[in-house]
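*Asks:* The residues making up each chain are set out below.
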Amino acid sequence: MNGIIFENVCKSYGETAVVKDLNMTIQEGERLILLGPSGCGKTTTLRMVAGLENITAGTLKMGGQVVNTVEPGARNIAMVFQNYALYPHMTIWENITFGLFIQKIPIEEIKARTEQALEILNLSGYEQRKPNELSGGQKQRVALCRSLVKQAPYFLLDEPLSNLDAQLRLQARTELVKIHNLYRPTFIYVTHDQVEAMTVGQRIAIMNQGALQQLDTPDVIYQHPANTFVASFIGSPPMNLLQGAFRDGALWIAGCRVNPPTKWHTLLAEHQELWIGIRPEQCCLSDAPMLHGQIEFVEHLGSQRCIHLRLHQDGQRLLCMLPADQPIPTGTMGVSFSWQHVNGFDGHVGQNIELPNRISHNYAC
Amino acid sequence: MNRFTWQSALFLAPATITLLLFAYWPLLQDVWLSFHSWNMVSPTMKFVGLQNYLQLLSSDELIKILLNTVLYILVLVCVNFILPYLLSFIIAHRLNRFSFFYRSALFIPSTVSLAVASILFLWILNPLAGPLNIILSAIGLESPRWFKESGLVIIIIGLIIGWKVFGYNLILLAAAMVDVPKELIEAARLENVSNWQLFRRIIVPMTSSTALYVFVITVVFGLQYVLVPVNMLTQGGPDQGSTNLVYIVYQYGFVFFQTGKASAFAILTMLIYALFLIVKTKVLDKKVHYEN
Amino acid sequence: MKINSYRDWYWHILLLFAVVIQLWPLLFMLSTSFKTMDQIFLSTLNPLPAKPVIDNYLYVLKNLPLIQYIVNTLLIASSITLAKIITSILAGFAFVYYDFSHKEKLFNTLLLTFFIPITVVMMPNYLFISKLGLLNTPWGVILPQLADGMGIFLMRQSMRNIPKPLLEAGRLENASPWVILTRIILPLIKPSVIAMGIVFFINSWNDYFWPLLILHDKPTYTLPLALQMFISAEGGSEWGIAMAVAMLTALPPLLLYLTCQRFIMNTFMQSGVKG
Numbered sequence: 001m002n003g004i005i006f007e008n009v010c011k012s013y014g015e016t017a018v019v020k021d022l023n024m025t026i027q028e029g030e031r032l033i034l035l036g037p038s039g040c041g042k043t044t045t046l047r048m049v050a051g052l053e054n055i056t057a058g059t060l061k062m063g064g065q066v067v068n069t070v071e072p073g074a075r076n077i078a079m080v081f082q083n084y085a086l087y088p089h090m091t092i093w094e095n096i097t098f099g100l101f102i103q104k105i106p107i108e109e110i111k112a113r114t115e116q117a118l119e120i121l122n123l124s125g126y127e128q129r130k131p132n133e134l135s136g137g138q139k140q141r142v143a144l145c146r147s148l149v150k151q152a153p154y155f156l157l158d159e160p161l162s163n164l165d166a167q168l169r170l171q172a173r174t175e176l177v178k179i180h181n182l183y184r185p186t187f188i189y190v191t192h193d194q195v196e197a198m199t200v201g202q203r204i205a206i207m208n209q210g211a212l213q214q215l216d217t218p219d220v221i222y223q224h225p226a227n228t229f230v231a232s233f234i235g236s237p238p239m240n241l242l243q244g245a246f247r248d249g250a251l252w253i254a255g256c257r258v259n260p261p262t263k264w265h266t267l268l269a270e271h272q273e274l275w276i277g278i279r280p281e282q283c284c285l286s287d288a289p290m291l292h293g294q295i296e297f298v299e300h301l302g303s304q305r306c307i308h309l310r311l312h313q314d315g316q317r318l319l320c321m322l323p324a325d326q327p328i329p330t331g332t333m334g335v336s337f338s339w340q341h342v343n344g345f346d347g348h349v350g351q352n353i354e355l356p357n358r359i360s361h362n363y364a365c
Numbered sequence: 001m002n003r004f005t006w007q008s009a010l011f012l013a014p015a016t017i018t019l020l021l022f023a024y025w026p027l028l029q030d031v032w033l034s035f036h037s038w039n040m041v042s043p044t045m046k047f048v049g050l051q052n053y054l055q056l057l058s059s060d061e062l063i064k065i066l067l068n069t070v071l072y073i074l075v076l077v078c079v080n081f082i083l084p085y086l087l088s089f090i091i092a093h094r095l096n097r098f099s100f101f102y103r104s105a106l107f108i109p110s111t112v113s114l115a116v117a118s119i120l121f122l123w124i125l126n127p128l129a130g131p132l133n134i135i136l137s138a139i140g141l142e143s144p145r146w147f148k149e150s151g152l153v154i155i156i157i158g159l160i161i162g163w164k165v166f167g168y169n170l171i172l173l174a175a176a177m178v179d180v181p182k183e184l185i186e187a188a189r190l191e192n193v194s195n196w197q198l199f200r201r202i203i204v205p206m207t208s209s210t211a212l213y214v215f216v217i218t219v220v221f222g223l224q225y226v227l228v229p230v231n232m233l234t235q236g237g238p239d240q241g242s243t244n245l246v247y248i249v250y251q252y253g254f255v256f257f258q259t260g261k262a263s264a265f266a267i268l269t270m271l272i273y274a275l276f277l278i279v280k281t282k283v284l285d286k287k288v289h290y291e292n
Numbered sequence: 001m002k003i004n005s006y007r008d009w010y011w012h013i014l015l016l017f018a019v020v021i022q023l024w025p026l027l028f029m030l031s032t033s034f035k036t037m038d039q040i041f042l043s044t045l046n047p048l049p050a051k052p053v054i055d056n057y058l059y060v061l062k063n064l065p066l067i068q069y070i071v072n073t074l075l076i077a078s079s080i081t082l083a084k085i086i087t088s089i090l091a092g093f094a095f096v097y098y099d100f101s102h103k104e105k106l107f108n109t110l111l112l113t114f115f116i117p118i119t120v121v122m123m124p125n126y127l128f129i130s131k132l133g134l135l136n137t138p139w140g141v142i143l144p145q146l147a148d149g150m151g152i153f154l155m156r157q158s159m160r161n162i163p164k165p166l167l168e169a170g171r172l173e174n175a176s177p178w179v180i181l182t183r184i185i186l187p188l189i190k191p192s193v194i195a196m197g198i199v200f201f202i203n204s205w206n207d208y209f210w211p212l213l214i215l216h217d218k219p220t221y222t223l224p225l226a227l228q229m230f231i232s233a234e235g236g237s238e239w240g241i242a243m244a245v246a247m248l249t250a251l252p253p254l255l256l257y258l259t260c261q262r263f264i265m266n267t268f269m270q271s272g273v274k275g
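Going line by line, the protein sequences match chains H, Y and L.
Residue numbers are given in our numbering: position 299 of the first sequence equals residue 299, and the series is strictly consecutive.
Residue numbers are given in our numbering: position 122 of the second sequence equals residue 122, and the series is strictly consecutive.
Residue numbers are given in our numbering: position 241 of the third sequence equals residue 241, and the series is strictly consecutive.
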């Protein structure tokens, strides 16, 4: 199969380890996102696939073959660089067709592919211009065009939208998915923007400090983050992580006693110190609240309001999203949530403790 | 910015006066001298109009001088332009390590005087006892008479100059090589380009502005560098076999003491240089890619 | 970035070959200068003489006015370097700080002197120096070389790289142009000035042709000129002594370069030359 397999892949520059023991399988034809903060190793991983970085240890397989020492040009990869890498002394046409001429593809075929690609990306008529005559968005599309005409089975993108302004980015995201659907190459896309990741990716690989945190579909990552890092990275505003302790059959958060389902008690007891994760939009006002706190600040976000609560007793912060048509609360506020939305994380290690979330009754919301 | 005041004139004066007095004024004097016949010592000069020029242009000597000059240029362009261009590409883009070492080491001869280089190679190439002769004898070859054979002497002198100037040009071109964005090279490598394709279609266009400069100084200064080794080693010989357009001025001026003829040659050289620069500006500058 | 570093070895071989060609003659010069006449002719290729001798150097010290030569060369090189630095900075500053009509034309005119071959200017300048009675003096050598078109270009270039707000802030303080030049600009372009100065010094130290015309008497010679004494018509020569003098001529610029190497390289690599 034409997938990409990482087996214990490591990359270090001298003493510094940039990618640590990466094990990952990328399916043929899928859109995979490498997501993470700056310095997490995602770009290095992408460049290792391209062959632009040496692999320090481990095995990289593409299409069943070990490719650790295969030249970049021999891997049949199309890549869109962050700064587009357009040759400034060549016209757009020459830029796009450069690789095809190197491969000695017949000229009619080159013409056909290029014209088609230009049309798809709305660049017809720009062939004779030079890169410095184009806007950022146009340059980005030329870079996409160049990769598209190659019709390679692997399509790598290194933060291709980060130099575009917000308006263009929206448009470009949908164009990228359209392009992928044209001939379904294996798409590997690096970004630090989680919205891009969630909208473009079929699966997301989240990385932090060189280690893979979680590899799954956007939904699963959103609902069941693998650890506290993923939990706080994904979602805007981020998931609330509240310190809690399990004692005497009950969970204590911010001095309040809450009662999780009995099914969970043994699991919770094993961990004692916990992080309880609940997303702001899954909190709601309640007359019989589980937690209560002082309202510090209210953010008006158009269709919603984000309430910043300082919980009584131990002063932890809780964010709560409420629809804007409800009256603005003031002073103290009581909050409840449903246990089926809760994720529990070990207090020391941060791993998700896998609370079984199918329960019969729910509280409040 | 201030208006033009006496202040700016003050700042400009030292350099401007020096250069006008010692660069442009002599040029005019040469024109004046070229219309006269003189031997640099006698108190009288004879006005001869265009006679010097006519003699110059109709002499057999001119052909030889021009041929020599062309041969010099060929050798210099190969050793001081093409070779450093290729090697700077290799050092900058094909090697992982030791780039600084190579650039430094190859630059060292550029710090040495051409006079030192001349006498050094005079010894090295000595056909009786010099080290090169010893090596050649060891493989059964005879040492040619380097400075006594007509075409060979130009090649040898060109190589001596090349030995010294190579490192300097290499550094200039390496600087241009480093300026080529790494991403462009990576994008090309993903297309499976060969080294030659990479060099010709991407590197050369992107380094062309520096390359053009290096080409110009190779020719303009290369011909002037010839003065030192020729003066020290061959004095223009054998039989004017190593003289060129630039050295002939020295010969007529300070050896044959025919100032008028010398000036005529000087003006001729100046005109050819000017033509060269004009061609460069009108034709080559357009083709060169300038990063703005 | 480069994946197959084990294939680089053939490039390294090629480059090492180039390095050998560039450096071997100098090493040979070094070793020959420490050999006796016999060693020179019998074990010519041997890089390490069995018993290195300093006879050649002693001979040079005793029989040639070596110190005088060194002083001459040092005086000329330093004076020219200093003069060129000063005139280039002043002129470069004028082009950056002031606006006047025909500014570009004047700049190009000054820059073009760089391309005027020495043979065009040598005769009239020689006659001029002669008229001033400065033949056979170091000042005759120095005088025509007080300014340099390329120097003006380089200084203007470095000064242009200084962000305008820094200069404007100075003007708001009512600082005179001289103060702006010396207190703001110069400290910021120090590396370029030094690198340029080193290049001027090395070139002046090594200069042969113009001093050849001006300095006729042996005591006035510079080191490169002294070398011509070792070229005899027959081709035979006191090679050991010649190499010793050559070493002494070559050593100062070489040492200057080696100590400031990183510095020079970095300045070169930064400014580059873009037409």
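Hints are computed from structural coordinates only; laboratory data are not their basis.
Please note that a few of the clues may not be correct.
List time: in silico PhoX-like cross-link candidates among lysine-lysine, alpha-carbon distance up to 25 Å [what the hints assert, rightly or not]: (1) H:K104 <-> H:K130; (2) Y:K280 <-> L:K105; (3) Y:K282 <-> L:K105; (4) Y:K286 <-> L:K103.
*Asks:* Hints first: check each against the structure and report whether it holds.
*Replies:* Comparing the hints with the structure gives:
1. For the given pair, H:K104 sits about 24 Å from H:K130 by alpha-carbon distance, which is consistent with the 25 Å threshold.
2. Distance restraint check for Y:K280 and L:K105: the Cα-Cα separation of roughly 19 Å lies within the 25 Å cut-off, and the hinted pair is therefore satisfied.
3. In summary, the hint linking Y:K282 to L:K105 is supported, as the alpha carbons are separated by about 18 Å, within the 25 Å threshold.
4. For the suggested pair Y:K286 and L:K103, the alpha carbons sit about 24 Å apart, so the restraint of at most 25 Å is met.
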